[in-house]
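Novice: Whole structure, please, built from the sequences with the hints as guidance.
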Amino acid sequence: MVSLVQTRLMPAIVIAALIVVLPAFFPSAYYYRIGVLVFIFALAVVGLNLLMGFAGQVSLGHAGFLGIGAYSVAIGPVHFGVPSWLCLFGGAALSGVVAFIVGRPILKLKGHYLAVATLGLGLLLAIVLTNEARWTGGPDGMSVPRLVLFGWSARGATTWYWIAGATFIVAFVLALNLMDSPTGRALRAIHDSEIAARVLGIDVARKKVAIFVISAMYASVAGSFLALFNGYVTPDAAGFLRSIELVAMVVLGGMGSIVGSLVGAVVLVVLPQALTVFHDYEQVLLGLIVMVFMIFLRRGIVPSLAAAFAGRRK
Amino acid sequence: MAELLQFISSGLTVGAIYALVALGFTLIYKASDIINFAQGEFVMLGGMTTVFVAMAGVPLPLAALIAVVATTATGLALHRFAIEPARGASPVVLIMITIGASIFLRGVAQIVFDRRFHSLPPLLGADPIQLGGAAILPQSLVVLASATAIVTLLWLFVDRTLLGKAVIATAANRLAARLIGVDTRRVVALSFGISAAIGAVAGILITPIALTSYDAGTLLALKGFAAAMLGGIGSAAGAVVGGVLIGLMEAFAAGYVSSNYKDAVAFLIILVVLISIPQGLFGRAKVERV
Chain F
3 MVSLVQTRLM PAIVIAALIV VLPAFFPSAY YYRIGVLVFI FALAVVGLNL
53 LMGFAGQVSL GHAGFLGIGA YSVAIGPVHF GVPSWLCLFG GAALSGVVAF
103 IVGRPILKLK GHYLAVATLG LGLLLAIVLT NEARWTGGPD GMSVPRLVLF
153 GWSARGATTW YWIAGATFIV AFVLALNLMD SPTGRALRAI HDSEIAARVL
203 GIDVARKKVA IFVISAMYAS VAGSFLALFN GYVTPDAAGF LRSIELVAMV
253 VLGGMGSIVG SLVGAVVLVV LPQALTVFHD YEQVLLGLIV MVFMIFLRRG
303 IVPSLAAAFA GRRK
Chain A
3 MAELLQFISS GLTVGAIYAL VALGFTLIYK ASDIINFAQG EFVMLGGMTT
53 VFVAMAGVPL PLAALIAVVA TTATGLALHR FAIEPARGAS PVVLIMITIG
103 ASIFLRGVAQ IVFDRRFHSL PPLLGADPIQ LGGAAILPQS LVVLASATAI
153 VTLLWLFVDR TLLGKAVIAT AANRLAARLI GVDTRRVVAL SFGISAAIGA
203 VAGILITPIA LTSYDAGTLL ALKGFAAAML GGIGSAAGAV VGGVLIGLME
253 AFAAGYVSSN YKDAVAFLII LVVLISIPQG LFGRAKVERV
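So the protein sequences, as listed, match chains F and A. Residue 3 is where the first sequence starts when you use this note's numbering, and the numbers rise one by one after that. Residue 3 is where the second sequence starts when you use this note's numbering, and the numbers rise one by one after that.
Read the hints as simulated data drawn from the structure, not as lab findings. Source: prediction; values computed, not measured. From the three backbone atoms N, C-alpha and C, an ideal C-beta is built for every residue, glycine too. Be careful, since some hints might not be right.
Derived list of chain F stretches under chain A, where covered just means 3 residues or more per stretch with a C-beta under 8 Å from a C-beta of chain A [stated by the list, open to error]:
hint : segment
1    : 88 to 101
2    : 107 to 117
3    : 121 to 131
4    : 240 to 250
Specialist: Put into structure tokens, the structure is as follows:
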């Protein structure tokens, strides 16, 4: 039991401790805001990493699910008067259903074909959100009512810091457990060789769809949080650049490393904030940093550092 | 009838540009298995450089030439400083590097040029040619003729020259090509150079019709990538057919359905095609070895 805690849940405990301790060093509410964004993106990235890092299936359209989640908590309360928390679950369910329906035919595709199919799916969702202005406010977006739970309204970066932080820890532990389950092992087998996995009796198509649905729901919850936190949502939430950002976080942190997902989110959320000082040079530096990281830490930050550390200890 | 003709002419024009972008994707993919997401930035650089060099008082043809040379140099530099050092990295990492490069180039364009939209004067004047009731822009004919010329030249290069044969050998089997003395690194560098040049020409051709700005490359890259995949990645003929098909589909969707949903229709059809023919129109199914 002790060894189980040490090996598997240790990272979760360390991260939970960090989440609790860090605010003591925050000089202003602005830092809480950054923290919230990190947790929200890390949530989506953990889900995407389950799909990309473990099952080996690329998705260039994952922001589409982020968009479904974000617009669920916007459209539900505004147009139908449904409470936000219910819409959050409804959005996750809807994302799951969409992923389930399109998952089977799309996940049959391999490599770059899968990339372009998921890209198309994400773009289609973004285009619908942009054009159905009657429901979504069109390209200008729409405002999102605050989350109200039992008469208590969640507002402010400090409150959201704890909500997003706690949710992230739960999602993190769920992902760790999932990867140590029979499904997790089946997914890793699929990653290594689909045919070999099928020979071993794994229902490849079903497992792939299952992980696609789960990662879509992660993204949807993250999208709902993002919209509720910002109090505003635009179709950019579902756009191509958002999808690329999520993939970049996964790859930068390290494919197949759940801790890496958090690191990737930290780097790509904090970096642009830090780079705003450079005004015009922001994009140049961001592009440069992505390239340099990928060239020199090509397995991702966490796995590369872990390997270097293990090498030194020997 | 006039309507149909109108849609076909505009569809073919845009389609020719998509085909050129897709050809750039295909060429680099053939030589190196890399999907270069900075392909759209080559198109943007071609258009923007021409605009700004011409604004500085250089005659248009010379400005266009300078733009092509500058973009080709950018392509070669991308290969030398970003792709070459990451040799042997996984495909996803290489894709991320090219995406990083595309963000970088967009950022550079913002600083060197500006954030406004720009246009160029059309080569043969702006008066539309009346044909069967449809108004066809002379620039459309320029685009089509140039695209055809580029495709023909590329085909002649690959089919008739020794260097072209080296490209084919590298695409077929990199190790075997190296064994018979092909410098595969140079072939990959060459593919980046040619792709950049083709992209730049596409950018110069489309600017009089569609305007250009520092971020014009993103959507073009997506459409070009989709076109390359629709045709079956790695097939040059597929890239051209895929590009023209997407251009036509978009024009018909914009004309008959709704211009808001023209992008949607193109991607919807790509999804349907890929789901029914998983390796694209001209691609070959891959056999997986266990």
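Novice: Hints first: check each against the structure and report whether it holds.
Specialist: Cross-check of the supplied hints:
1. 88 to 101: Violated: only 0 residues of the segment 88 to 101 of chain F have a Cβ under 8 Å from chain A.
2. 107 to 117: holds (count 9)
3. 121 to 131: Our answer is that it holds, as 7 residues pass the Cβ test (under 8 Å) against chain A, meeting three.
4. 240 to 250: holds (count 5)
Hint 1 alone, counting from the list given before, is not met by this structure.
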